[in-house]
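A.B. asks: Could you build the full structure based on these sequences and the hints that come with them?
Protein chains: 2
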Amino acid sequence: MNIGEVAQKTGLPAKTIRYYEDIGLVEPQRGANGYRFFAETDVHNLTFVQRARALGFSVDECRNLLDLYQSLDRASADVKAIARGHLQQIEQKISDLQSMQETLSDLIERCAGDDRPECPILGSLSQS
Amino acid sequence: MNIGEVAQKTGLPAKTIRYYEDIGLVEPQRGANGYRFFAETDVHNLTFVQRARALGFSVDECRNLLDLYQSLDRASADVKAIARGHLQQIEQKISDLQSMQETLSDLIERCAGDDRPECPILGSLSQS
DNA sequence: CTTGACCTTCCTGTTACTGGAACCCTTATG
DNA sequence: CATAAGGGTTCCAGTAACAGGAAGGTCAAG
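Order-wise, the sequence lines are chains A and B. Going by our numbering, the first sequence opens with residue 1, and the numbers climb by one from there. Going by our numbering, the second sequence opens with residue 1001, and the numbers climb by one from there.
Rather than coming from a laboratory, the hints here were simulated on the basis of the structure. A quick note: this is a predicted structure, and the numbers were derived from the prediction, not measured. There may be inaccurate statements among the hints.
[To be verified] Within a straight-line C-alpha distance of at most 30 angstroms, the following computed DSBU-like cross-link-like pairs (lysine-lysine) qualify:
| hint | chain 1 | residue 1 | chain 2 | residue 2 |
| --- | --- | --- | --- | --- |
| 1 | A | K15 | A | K93 |
| 2 | B | K1015 | A | K9 |
| 3 | B | K1093 | B | K1015 |
| 4 | A | K9 | B | K1093 |
| 5 | B | K1015 | A | K15 |
[Unchecked claim] Covered, in the sense of this in silico footprint (three residues per stretch, anywhere, with C-beta under 8 angstroms from a C-beta of chain B), are these stretches of chain A:
| hint | stretch |
| --- | --- |
| 6 | 5 to 16 |
| 7 | 42 to 53 |
| 8 | 89 to 99 |
| 9 | 103 to 109 |
Every residue gets a Cβ at the ideal spot worked out from N, C-alpha and C, and that includes glycine.
C.D. replies: See below:
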């Protein structure tokens, strides 16, 4: 398979697939013309990474998950540890964002939003 | 005031303050020795930016908010528009993260986390 | 033979900084 | 007076995860 077809199948942009090769996530063969040639396992691995990325795992975490996936004597505890760490980060982000959201939506509600200059949003940002 | 004192007062690292000067968010004076000299208004503006950043506004949005803050004939509607746009992004992120969280915590629950290789997390990422 | 759709590499830009090197200024101390 | 500590300065590189674009090679069809 050429890169375009793989892009279609995985939903990943060709640019991204080349990048993943650069950083060693996949190692496609090369044809006589220099074109990359992807085997089914390459496509499978790319799909794996794409799903993990969609769950918010960093590329480096994806690499570790992929390594675990490919090692037959893995322990599910190792996978679970990575996932737990990531889940914690997600929950931290959610809570940070929620506190921003609360503050911000409160300020927005209290802002008239007309053509006058008075504004509680600016007031809150500038208050000494 | 020298940059160190400003860093203390605002809580921003000196590096960040220099960066903010680079991109034109503040324009401190310079002393005869080449040191930056910050006036009270500079400190005030930096504090403003620091608070806006804490609410998740991008540096560019901060610049716009600062401009509005400094313009006497501003309309609060313009401020509100920026804040609303940002709030929407925050809410989008929260919802994305929440869906990741749900999927992930479900998978984690179902993973034994022992020394055996079977793992629903990897299974879910690799299922064709 | 040419055209258009692919593919290739390489370089730059993005966001918001952070770390570090190499060097200058000021003040206190032995 | 030399020096050492603790400021400050500039500039360059690196981070994460790609995206955009230029310049050029390849392939199938008409």
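A.B. asks: Determine for every hint whether it applies to the structure shown.
C.D. replies: For each hint, the structure was consulted:
The straight-line distance between the Cα atoms of A/K15 and A/K93 is roughly 28 angstroms, inside the 30 angstroms bound, and the hint therefore holds. Our distance criterion of 30 angstroms between C-alpha atoms is broken by B/K1015 and A/K9, whose separation comes to about 45 angstroms. Under the criterion of a C-alpha separation no larger than 30 angstroms, the hint pairing B/K1093 with B/K1015 is consistent with the structure, at around 29 angstroms. Under the criterion of a C-alpha separation no larger than 30 angstroms, the hint pairing A/K9 with B/K1093 is consistent with the structure, at around 27 angstroms.
The straight-line distance between the Cα atoms of B/K1015 and A/K15 is roughly 34 angstroms, outside the 30 angstroms bound, and the hint therefore fails. With 0 residues carrying a beta carbon less than 8 angstroms from a beta carbon of chain B, the stretch 5 to 16 of chain A misses the three-residue requirement, and the given coverage is violated. Counting residues of the stretch 42 to 53 of chain A whose CB lies closer than 8 angstroms to any CB of chain B gives 5, which reaches the minimum of 3, so the coverage claim holds. A stretch counts as covered by a chain when three or more of its residues have a beta carbon under 8 angstroms from one of that chain; for the stretch 89 to 99 of chain A and chain B the count is 6, and the coverage holds.
Given as covered by chain B, the stretch 103 to 109 of chain A passes the check, having 5 residues with a CB less than 8 angstroms from a CB of that chain where 3 are the minimum.
Hint check: violations occur at hints 2, 5 and 6; the rest are consistent with the structure.
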